[in-house]
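*Asks:* Since chain R is already given, all that's left is putting chain C on it; use the hints.
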Amino acid sequence: MNASTIIFYILAATIISGALLAVTSRKIFRSAVFLLFSLIGIAGLYFFIDYEFIAAVQIIVYVGGIIVLIIFSVFLTHGSGEDMKRPTIGRAAFAALAAIFGGVLTMFLISQHTFFPSGKTGIEPSPENIGSQMLSTTEHGYILPFEVVSMLLLAAMIGCIVIAIKIKVPPHKILPETDEDGIEIFDQKQTTLENKQIQL
Amino acid sequence: MNDIGLFHFLFLSCALFFIGIYGFLTRRNLITMLMSVELILNSININFVAFNKFLFPDKLDGLFFTLFIITIAAAEAAVAIAIIINLYRNYNTIDVEEVNSMKY
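Listed in order, the protein sequences are those of chains R and C.
In case it helps, the working numbering puts the first sequence at residues 65 to 264.
In case it helps, the working numbering puts the second sequence at residues 224 to 327.
Looking at chain R on its own, in the form it has when it is part of the complex (with noise of 0.2 Å):
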């Protein structure tokens, strides 16, 4: 049990610790921290394996940007300290078990498993090299997927704007219709109340 073991140890029970209580925790809010703090210890668990790179990015596009994003909209669609209702006992009882039976299944399939290691010098997985091997355009290069996920990002924004826009009613909707002279035609409903109104 040497120190790197301990950490490993801490950093797993941070992430499990925060996964579980952000699906069980009642408050969205809370439920958003918790799985703020999972996400931290997974970005902790790629600096444990010195890929400094993907622990930045982790950092940088979930802590700063969808636990961000997620914040924002449980503050633009819940009351503040609302509890959520609580899942039934019925459907909870069934999620567990499938939850249960599939872990089990998939970590008994795992440790059935033997993995065959390439037992190859290792590359340094440096900015230097991610780069220079993503943006190739040989055989190994990822060049490709870059550009298409650049494209998807784009859609993505666009989609988002299309989506979540409020219309505007015109204005000219809005004022009330004119005729020919100018005359304001009334709305037929209003003055139909106001008549029942004034016999009333």
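Hints in this document: simulated from the structure, not taken from any laboratory.
All C-beta atoms, glycine included, are put in the ideal place defined by N, C-alpha and C.
Derived EDC-like pairs: lysine to aspartate or glutamate, alpha-carbon spacing no greater than 20 Å straight-line:
1. C/282 - R/188
2. C/276 - R/116
3. R/184 - R/114
4. R/91 - C/318
5. R/184 - C/284
6. R/91 - R/146
7. R/91 - C/320
Residues of chain R placed beyond 10 Å of chain C at every Cβ, according to the derived structure:
8. 74
9. 101
10. 201
11. 202
12. 203
13. 232
*Replies:* Quick look at chain C alone, frame taken from chain R:
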């Protein structure tokens, strides 16, 4: 890092994946369901990075897959939150059981 091997990472990501599955099945609020999806995607990322680190240290493909998954997760979260906010504007709720028509 002598005795922390591939299996530790695989078990961790497996547990995280099924916690996400549990959350996705029990929650009925769209934002919390989105959070569960983020947990699932993160467990996949741990898998890719661990395979790259322990089985194929001479390549960087697992890193690239992780980077692309993070990018796509960000795009997916943005679109999902745009849909959620639009839904909230029309229905005044984001509970999936009460939103039962696609008319608007």
